[in-house]
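Asks: Each chain, written out:
There are 2 protein chains.
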Amino acid sequence: MKVVIIGGVAAGPKAGSRIHRLCHEAEVTLIEKGEFLSYAGCGLPYYISGEVKEQKELMCTPIGVVRDPVFFRQVKNVRVFNRTEALRIDRQRKKVEVKDLESGKLHDVPYDKLVIATGSRPMIPPIEGVNLKNVFTLQKIEDSEDIKNALAENKAKDVVIVGGGLIGIEMTEALIKKGCRVTVIERLPHILPMLDEEMVCQVEQYLESKGVKVKISTAVTAFLGKERVTAVKTEHEEIPCDFVILAAGVTPQVRLAKEAGLEIGVTGGIKVDERMQTGDPDVYAAGDCCQMYNLITRKPCYVPLGSTANKQARVAANVICGLNDSFPGVIASTVCKIFDFNVARTGLSEVQARQEGFDVVTVLSPAPDKAHFYPTAQLIILKLVVDKKTRRLLGAQAVGRGVVDRRIDIAATAITANMTVDDISHLDLTYAPPYSPAMDNLITACDIARNKLDGLFESITIKEVKEKVDRGEHFFFLDVRSPQEYNEVRLENTTLIPLGKLRARIAEIPKEKEIITFCKISLRGYEAARILQASGYKNVKVMDGGIAVWPYEKIVNHS
Amino acid sequence: MKVVIIGGVAAGPKAGSRIHRLCHEAEVTLIEKGEFLSYAGCGLPYYISGEVKEQKELMCTPIGVVRDPVFFRQVKNVRVFNRTEALRIDRQRKKVEVKDLESGKLHDVPYDKLVIATGSRPMIPPIEGVNLKNVFTLQKIEDSEDIKNALAENKAKDVVIVGGGLIGIEMTEALIKKGCRVTVIERLPHILPMLDEEMVCQVEQYLESKGVKVKISTAVTAFLGKERVTAVKTEHEEIPCDFVILAAGVTPQVRLAKEAGLEIGVTGGIKVDERMQTGDPDVYAAGDCCQMYNLITRKPCYVPLGSTANKQARVAANVICGLNDSFPGVIASTVCKIFDFNVARTGLSEVQARQEGFDVVTVLSPAPDKAHFYPTAQLIILKLVVDKKTRRLLGAQAVGRGVVDRRIDIAATAITANMTVDDISHLDLTYAPPYSPAMDNLITACDIARNKLDGLFESITIKEVKEKVDRGEHFFFLDVRSPQEYNEVRLENTTLIPLGKLRARIAEIPKEKEIITFCKISLRGYEAARILQASGYKNVKVMDGGIAVWPYEKIVNHS
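Protein chains in written order, with the numbering used here: chain C, 6 to 564; chain D, 6 to 564.
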C-alpha cells in the first residue's frame, strides 16, 4: 500500500508515523513545501520571547532529536520530500504531481491512499501597503526568525499587531518582554471574539495594565512607508511603528483539494466525514485544512488547532489501516496565557448560544481559585452558559490570574458527555487547599445556575445595570458588603447596608422600588435578595458577579 | 419548621445556611460541641507550616469575617449553641438532649427535621503509651495549636508520624519546613494505599529525597516515655522523638445515631439514601459521619472529605426544603501536595479493580505536563486502569512535579459519565504550550490503552521484569534509546540498539528469545516492538513506562 501525505507540519507527520506503525508494509511518502518538518507552530511566540532558546527545540522530540527527513526515514520509516511542492492531485491516475523546489524538477508520486494535510495560511487583508517590508505574519519558523531579526535591529520598538485573536494576543507578552511598545488594533468591538463581552473586558483591562494599547472597533486603512512600514493608518489616526504583525486569522489551504474536485465545506475547509474521508474514498484530510463539526450545534465549524490536527491525523491513519475510529467533532476549547493572566473557554458563548436559538441562563462567578486562606490563591472569573430547557451546560469561560484551564477542561468533558449543571455540581473532583476551594469554582457556578433555574432568585447583568444608570432610571442599588469594603471601593448611587444588619434595617428599603443587590462577588447579594423576598419584596434582582467584575468607573479610596 | 443540626464544622453550617436561604420561615439551630465553627480542617497542615498565618483565617469567609455564633445569627439567621454537647436524640419526642459545656446545664432542643453532621474522629490505635503527652492527633484547631506549641518549644525536632495516609503525608512538608527530622511509620507495605505500588514508589522516593524517613510494613508496638513521649517502639527498633502525630485514619462519629436506633452501614458510617435521608424520614445525615456509595462498584464506601461533606449538606438542605435533589456517590478523587510534588487519583486503583472482578488493561505513561519545549514543563507519571470488556476508564492516578490535578479531574468527570478511552481520546481539551502538550497526557495515555486493547502490542510491568531478572530468567532486554541517554543512565544486562538503527541491525536480535523493549518513557519502546513484530518476531513485550519510572537500581554515570 502506497500512502502519500501532503503537508509536513502537524497532521501530516502524525498520520505518516501512525500509518507506518500500524501497517509495516505501507510505503509512506510525505511531501512538504517548506524546509522544516513537524514543528510546533504554537510555540513560536515563546521562541520570539526567548523563553524557548533555540529554533530546533520547536522541532525536536521530547528527548532532543530533530525531526528532519533523516529522522523520519530512520525512526519512522517515512520517506520525506521537503522543499517539494505538490502541484496537482490527479485522482483518476491516483498520483500527486510535485516539484522539487531545489532543482526545479517535476515528478509524480503515485498513491493508493492520500492524506491532505496542507494546513492553513494567515489571512492577508487587502489593504494598501500590506506588502511593505516589516509587515510580518506569524505561522512558520521563518516568520519567527524575521520578527526576531527586526527585534534585534534596535532596542525599544513600536509594534502594531493587527488582529486581536489568539495569536495576536499571545504575541503581546513576548513583545512587551522584549521592551516594545505594543498596540493591538481590532476591527470588531472586542478582542478575542470567542469570549463574551464581560469576560473580554477583563482581558482588555489586564492588557492595558501591562502597557498594551488596545484599539477596538478600529479598521486599518493603510500601511504607510516607502520600502518598509513606518506607520499604520486607521480611520482615526496614524500610528508610527517599526514593524507590524498581521494576525487577522487564518484560512484553510484548500487549493489542491479544490482543483482536484473535492468538496469544500461552507466554512472554506475541505469537507470530510467522521472518518476524515473526503468524497473520494481514497483521499483523506486532517488538520487545519479541513472543516470540522461542532458537537453542540451539529453544524460545520472551523477551529484550527494543533491538538485537533493530531487527533484527526490519528483517526485518518487508523481508518486507512483498517482500524475502526471516528473523530466526533470539537467544542472550540481554547486557552491562552498573557503574562500571569489566563484565559480559557469551551462550548458556546452566550452570544453564540442565543444565535443558535437556545434559551439560556448565565452565571458570572468570581472566586479564589484555591482555598481562600491558601497564600497563592488568586481570583478567577467563571462564566457559564446553560440551556434552560434541558439544564445542560452549553459553554464555559474563565479568566484570571488563577488556574482556569482545569475548570474549562472539566467543563469541556462535561459538555461532551451532555451533563446537566445538576450532574456537574455533584462531580467528585479532587480537593485539597493548594488546588481548589472545598467546592470547586465550577461546582459553585453550577450551583448558582441551579438556583437560577429553580427560580430562587432573579439576576441582572452588570451591563443591564449600567444601561439603567445611564438612562437615569430610578432603582434602589443595595450594597451589602462591609463598611470597610465600601470605604475602599464602591459604586455611585448605592446604599450600604451590610448583610448582617439587613434584617434589622429592612425598613430603610422601599417596598415599591426595583431593588438591585450586590456585594463583592454577589454571594452575599444573593443572600440579601433571599431575605428581601422572604420579607415581601417582589422586585429584587442580584447583580451578576458583583463589584469584583464591574468594569466601569468606580469610586476608589486610595488612602 | 424547626430544623436542628448536630455538628458545626463542614456539613452542618452548610446545611443550616442553605436551609435558611431556601425556607425563610425555618428556625434553624446548630449544636456544636467545640468552640470553633465552620473551620477548614484540611487547612491545618498549612497553618502549622506557617503558610496560613493566623488561626482565624481558617474560619473566615473569603472576605475575612470570622464565622462565629454572632455571624451565623446575624448573617445566616442560624442560632448556634457551641460548646454544647448533644447527648441523645429522642426520635419519638423529636428532640435532642443537649448539655451546655460551660454551665453544665441540660436542656432539650425540639426538631421537625434533624441533620446529623457529627463528622469523624481520629482513630487511636490501642497501643501502650498512646495517652502520653505529645502524642497528637490532627483534626481540630486545638490539635494544630498543640503541635505549634510543641514546635515552638525548641528548634529542631524529631517527629514520628504514625500512618502514611493523606494527613500524615501532608504533614511531612510542614514539619520539614519547620526544621524537623521526620519519620513516617506505615503498617502496610506502602504509604497512600489508594495508589498502586508503582505510583506510590515514586512518592516514597520523593519523600526520601526531601529527608523524610519512610518505614513501611512496620507496626508500632509502644510509645515510650514517662510523662511525655520520648520514643516510638516498632518491631525492629526504638525511634527517639520529641513528639508523635497519630495519623492512623479517621472513623465516623455515629454514637448518637446508633443509640437512636438509626441504621449504621457496613463501613461504620450512618446509612443514608441518595437524598441523605436515614431510615427515619425526619432525620438526615451528611458529611464524614455517613456512609456513601462508590459510583463504579455501586457498593458502600467511606471516603471522608470536606468537598463531599459540602455537596451532601446541600442535598440534605434541598430535600428538607422540598427541592428535588440527590447525591449520587463518589469515586474517591483525592489530591495531595508534598513540597513541589503532586499526587492525585480517582476511581478504582488496579488492585481495587481486580478485586472487584474487572479484567483490566493498565497504562503507565510518563511525559512532560506541558509542551516539552516550554521552560516550566515538568514530568508527570499517569496511570490508567481500563475495563477490557467495555473499554471504560475505571481509574486514574498521577504523580510528579507537574500539573496532575487537571488530568485527574478530567478523568473523574469522564469516569462519572461512563466514557470509554476512545471517547476520552477525542475530547476537545484546551491546548497551548504553557498548559499542556498538543496531545494532553490523558489523551496520550488513553491512546496507549486503545493500542493495547486493539492488540497492537503486548506490555509487561516493571515489577514483572524485575521478578524475571531476580529469578535469573533469560530474555533479550532491548534498550532503544540514544547512546547519549544510555551513557547517562542504564539498566543492567540490556543491549543498546537505538531505534533509528533497529532496522539495519535487526539481525543482532535473536528470534527464539523473549524480547523486552524499552526507552525513556516507552514510546520508542513501542515503536521498536512494532518493527520487530513486522519482522516476524513473535515474543515481544514493551516495558510499561520505561526507564523514567524504573524504581530499582540503575547504573548512573555521574561524569
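Hints may be right or wrong, so weigh each one.
A pair counts as met if it fits within one copy or between any two copies, since identical chains are not told apart.
[Unchecked claim] Calculated pairs, DSS-like style, for lysine-lysine (alpha carbon to alpha carbon, straight line, at most 27 Å): (1) 100 <-> 182; (2) 182 <-> 104; (3) 506 <-> 61; (4) 276 <-> 263; (5) 162 <-> 304; (6) 506 <-> 7; (7) 543 <-> 7; (8) 99 <-> 473; (9) 559 <-> 276.
Hints are computed from structural coordinates only; laboratory data are not their basis.
Asks: For every hint, state whether the structure bears it out.
Replies: Going through the hints against the structure:
Proximity of residue 100 and residue 182 under a CA criterion of 27 Å is satisfied in neither setting, with 48 Å inside one chain copy and 67 Å between copies. Neither within a single protomer nor between protomers do residue 182 and residue 104 lie at most 27 Å apart by alpha-carbon distance, with minima of 41 Å and 65 Å respectively. Taking CA atoms no more than 27 Å apart as the test, residue 506 paired with residue 61 passes between copies only; the shortest distance there is 22 Å, against 64 Å inside one copy. For a Cα distance limit of 27 Å, the shortest separation of residue 276 from residue 263 inside one copy, 10 Å, qualifies, whereas the shortest one across copies, 66 Å, does not.
Neither within a single protomer nor between protomers do residue 162 and residue 304 lie at most 27 Å apart by alpha-carbon distance, with minima of 43 Å and 65 Å respectively. With identical chains, the CA atoms of residue 506 and residue 7 are at most 27 Å apart between copies only, with a shortest distance of 23 Å across copies and 79 Å within one. In this assembly of identical chains, the alpha carbons of residue 543 and residue 7 lie at most 27 Å apart only when taken from different copies (26 Å versus 74 Å within one copy). Taking the shortest alpha-carbon separations for residue 99 and residue 473, neither the intra-copy value of 66 Å nor the inter-copy value of 51 Å comes in at or below 27 Å.
Proximity of residue 559 and residue 276 under a CA criterion of 27 Å is satisfied in neither setting, with 50 Å inside one chain copy and 52 Å between copies.
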